[in-house]
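Novice: Given next are the chains, with one letter for each unit.
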Amino acid sequence: MPSHEDYKELLIPHALDALERAEARSLEEHLEDCAECRTELESWRATTATLAFAAETAEPSAHLRARILDDARALGQPKANTQAKVKREAIESVTNHTGSQSSNLVQMPARRAWSSTQIFGAIAASLLIAALAISSIVLWQRNKAMEAETARLSRLLREREQELAKAKEDKSMLTAPGSNMAMLGGTEMAKDARARIAYDRQTGRAMLIADGLPPAPAGKAYQLWFIVEGRPPMPGGVFNTDASGHAEMRDQMPSEGRNAGVFAVTLERAGGVPAPEGKAYLQGKAS
Amino acid sequence: MARGDEEALAALYDRYRLILFGLIQRILHSRAEAEDVLQEVFLQAWQKAADFDETRGRPFTWLVTLARSRAIDRLRSLGARDRLATSSAREATEEVADAADDAILSEQSEIVRAALRELPEEQRQVLLLAYFEGFTQSEIAGRLGAPLGTVKTRMRSGMIKLRELLGEKVQLIR
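Sequence order for the protein chains is S and X. Under our numbering, residues 1 to 287 are what the first sequence spells out, in order. Under our numbering, residues 288 to 461 are what the second sequence spells out, in order.
Heads up, a few of these hints could be off.
Unchecked claim - Just the calculated beta-carbon pair ranges, DEER-fashion:
(1) V262/S <-> S425/X: 49 to 57 Å
(2) E409/X <-> R67/S: 38 to 46 Å
(3) E451/X <-> H4/S: 18 to 26 Å
(4) C34/S <-> T440/X: 20 to 28 Å
(5) K456/X <-> A62/S: 30 to 38 Å
Please keep in mind that the hints were generated in silico from the structure rather than gathered at the bench. Please read these numbers as outputs of a predicted model, since none were measured by experiment. Glycine included, C-beta positions come from ideal geometry on N, C-alpha and C.
Here chain S stands alone, though its shape is the one from the complex (with noise of 0.2 Å):
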């Protein structure tokens, strides 16, 4: 159990916030109680405040001013804002934020092929930073340019969730028991791509994710077939890489096709074709 000694030995890096968040919190508990570290507290932040002069001073645009007063007037006093609560309490019923406006923000994840440790990182970030916009959004209520930033968020949210619905569908594809993997090689016209498809035979469901691949040229892209022994290749999704060779796709396997014994990636006209006419890119055994 820290001692007040302890704890007073925190003031100074708190008044810098350059305390861990444990710490932080811890001393923030401590301050609730203790009139006398509030205080030095406070006075330390006096002297960490002077240190804004460090930076050199600069003019914003000159309309701030006039939109702050207008925003300020719009809003009128907080405490008589009830039509702005009943405004906030249904953004926020849109969200199912943890309601926290506090600083401590989860970093997002650089974007790199989906490990099921990310997916959940980015899920997490994901939603805070949607949350954080709403919040941010709630000070602006009254003024309908902002209602109309409401609604593109509220979009922009309907869309995370989707794509958050998506993302933990991918995951538990990805680590359900049933599910299958195939791994694919680059052939001689990619030799560094490589491929992973995780697909269940029962549902159909598939999700390729590829690196490597050459950017397909203009009208072209790359599909997906699904190979049985004894059959014509069956034509899976159509898909283009990023910038940096990589590649997503969810595509549904066609029923015949659930018994792949191999898969393969080919170049094809933009849009696909129903029986592959370019070459090979990818291919692998199913598992």
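Got chain S; can you put chain X on it based on the hints?
Specialist: Relative to chain S, chain X alone:
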């Protein structure tokens, strides 16, 4: 301002916008983001005006603290996951701005800058990294390759010395 007086808000803006915007922009390195945050800060100040206890002193400390918090929050939310790497491009040990370079320097700025120039380099560095980059003590230790204990000592000594150097003049910073 507790009376809901817009004139008071305007006066606050006129008085503090240069220092606040300079601070926020220094932290965010983006004019557009900084303007967003500046608006947030003044509107939040407006909404909390009723709570603000004027007997506790001038609003400068409160406003600056708020502005810095909001700016650091925005910095973190901008997905600055590689903050530790990319901020090496920005000189954390940069010289405190020379008076001759800044046309809008006031007496208050000069007091603070003179005091900062008198701090030992390693103490000033730690304070500036914490204040303008929003790093924690551990992050600073990692970035400098220094032991955590050393960073803590420098931070403490730096702040104590800064307070001494400013002395009574800190009352003038408003």
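Novice: Does each hint fit the structure? Answer for all of them.
Specialist: Hint check results:
1. V262/S <-> S425/X: 49 to 57 Å: holds (52 Å)
2. E409/X <-> R67/S: 38 to 46 Å: Check passed, 42 Å falls within 38 to 46 Å.
3. E451/X <-> H4/S: 18 to 26 Å: holds (24 Å)
4. C34/S <-> T440/X: 20 to 28 Å: Holds, since C34/S and T440/X (Cβ atoms, about 24 Å apart) stay within the stated range.
5. K456/X <-> A62/S: 30 to 38 Å: Since the Cβ atoms of K456/X and A62/S sit about 33 Å apart, the hinted range of 30 to 38 Å holds.
Every hint, counting from the list given before, is met by this structure.
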